[in-house]
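Plus 73 on top of the position in the sequence shown (first one is 1) and you've got this note's numbering.
If you are wondering where the hints come from, they were derived from the structure by calculation, not from laboratory data.
Heads up, some of the hints might be wrong.
[Claimed, not checked] Just the calculated beta-carbon pair ranges, DEER-fashion:
1. 484 to 215: 18 to 26 Å
2. 238 to 376: 18 to 26 Å
3. 443 to 510: 22 to 30 Å
4. 480 to 421: 45 to 53 Å
5. 258 to 206: 31 to 39 Å
6. 421 to 196: 19 to 27 Å
7. 265 to 208: 20 to 28 Å
8. 202 to 258: 43 to 51 Å
9. 565 to 420: 30 to 38 Å
10. 565 to 469: 40 to 48 Å
11. 258 to 234: 40 to 48 Å
12. 420 to 191: 43 to 51 Å
[Unchecked claim] Listed next, the in silico DSS-like pairs over lysine-lysine satisfying Cα-Cα at most 25 Å (straight line):
13. 209 to 389
14. 537 to 266
15. 389 to 257
16. 213 to 229
17. 389 to 440
18. 318 to 209
19. 266 to 389
20. 209 to 338
21. 444 to 477
Quick reminder that beta carbons are idealized off the backbone N, C-alpha and C, glycines included.
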Amino acid sequence: QQQQQQQPVQQSTYRPLEILTTPAPRETYKPQEKPTYNNQQSLIYNTDYDEDLIAQIEQDNVYDQPTRPPTRSSYTGQERDTPTAVTSNRGTHPPRTRPTLKPSGTIVSKAQEFVDIYRNPPTRPDPLYPQPTPDKTAAKCRKDVCLLPDCACGGKDIPGDLPVETVPQIVLITFDDSVNDLNKQLYTDLFEKGRVNPNGCPITATFYVSHEWTDYSQVQNLYSDGHEMASHTVSHSFGEQFSQKKWTREIAGQREILAAYGGVKLSDVRGMRAPFLSVGGNKMYKMLYDSNFTYDSSLPVYENRPPSWPYTFDYKIFHDCMIPPCPTRSYPGVWQVPMVMWQDLNGGRCSMGDACSNPSESDGVQKMIMKNFERHYTTNRAPFGLFYHAAWFTQPHHKEGFIKFLDAINQMPDVWIVTNWQMLQWVRDPTPISRINSFQPFQCDYSDRPKRCNNPKVCNLWHKSGVRYMKTCQPCPDIYPWTGKSGIRSSRIDNEIEDSTA
């Protein structure tokens, strides 16, 4: 079972390791120099006004501040209702008791620029072959009609029937939950230390981002560097009983939030993972199909020798449902990146690396991860998942053992550490190792992505009877984004009219 860590987590106690040596770079790729954050002056949103601005602020009805702003430790209770239907005010306006982060001479205007996040609408690849009728009872998968690139039955068979020695061993690093200062150093240590794939491109990961406590300037930085952003819901709640409408607001709503405040193109938010792996059966997968998501990665697969390749929901799932309800209907073109279960050194099974019984020293951690990696590498080379929460790495021996393993496989010429979407593009178009260096989806041209966010705004907003500070390089919202009220003017989710029984 997955063990979730509610945000915010306790401050990390690890110290950066000084005993590791940086692997020698492959080929000639030279990553761009990373900007430093020293002495950066954040823009403070709606704080530290001078007297000349107060009258204009009140006249324009700009975000009234709370009389007694609570401390971070008091953020409890339910979401605050809007007191009137006329304004979005959140309290009286005492000019001398506003919450203050640090001095700033920059005031961010309420009049945010209008950004249409749907200029890059979400899409799935168009099918080449006839597909089953969506949302009808799924039939058993037949390999004579379930054909790549549209459809895959899953299981042990290598896509394209490639000989195993010609198959690259793909490794997937994923992190669940919020992105913020508590895990920033970890991601720097993993992804900004010169580790590259055999073609010289930096290794990349997939981040399943939940909204609360997320720093969207750091989301933009990770996205700018080539990592994949995926949806992990807005509220991080158990979703087993959600309606389709609620799933839409949680999963597609978080996709909109990533686009509006993290600078991530909607078309690049292709996947999701359910919090606590609490999937919603047909309602959740119907939402993924209707909302043009490409994949989910929430279903543990017990069978692991040999491990399963990714599959589509065109037909009935081939494995046991470990955490019901699983889908029983057909959702053609929607992929599952299965969470193939690990075994710890005592024989116990787990669906995520941090849910295993981990050894108490770094060599044991490395040994356990390597044991599971080799079960993939020496059989059918199905993608190997390193599925974690950042909090696990606050134990120094966990981080040290993981980095030892990462450095070991990063020296192997047939191992590729890529994102889920990069991996799925390989599954759709199986390419042997002899031609993989020129495989377009594994290249690293991110010129169409926004630049790194080096000077973020700090949006000062009400949430749950308290004040939240949300960092972003995009326009600040009028309200703290939440399910069904994201503050995005171009949202297609907030005002969606749908049958409540869906």
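A quick look at each hint next to the structure:
1. 484 to 215: 18 to 26 Å: violated, 41 Å
2. 238 to 376: 18 to 26 Å: Given about 23 Å between the Cβ atoms, the range holds.
3. 443 to 510: 22 to 30 Å: holds, 26 Å
4. 480 to 421: 45 to 53 Å: Between residue 480 and residue 421, where Cβ atoms are some 26 Å apart, the hint is violated.
5. 258 to 206: 31 to 39 Å: violated, 49 Å
6. 421 to 196: 19 to 27 Å: Given range 19 to 27 Å: violated, Cβ gap about 41 Å.
7. 265 to 208: 20 to 28 Å: violated, 44 Å
8. 202 to 258: 43 to 51 Å: The hinted range 43 to 51 Å holds for residue 202 and residue 258, with Cβ atoms some 47 Å apart.
9. 565 to 420: 30 to 38 Å: violated, 48 Å
10. 565 to 469: 40 to 48 Å: Since residue 565 and residue 469 have Cβ atoms about 45 Å apart, the given range 40 to 48 Å holds.
11. 258 to 234: 40 to 48 Å: holds, 44 Å
12. 420 to 191: 43 to 51 Å: Since the Cβ atoms of residue 420 and residue 191 sit about 49 Å apart, the hinted range of 43 to 51 Å holds.
13. 209 to 389: Given pair residue 209, residue 389 holds - Cα atoms ~11 Å apart, limit 25 Å.
14. 537 to 266: violated, 39 Å
15. 389 to 257: violated, 40 Å
16. 213 to 229: Between residue 213 and residue 229 the Cα gap is close to 16 Å, so the pair holds against 25 Å.
17. 389 to 440: Distance ~36 Å between residue 389 and residue 440 Cα, so the pair is violated.
18. 318 to 209: holds, 19 Å
19. 266 to 389: Cα-Cα ~43 Å, so violated.
20. 209 to 338: violated, 31 Å
21. 444 to 477: Holds, at roughly 14 Å.
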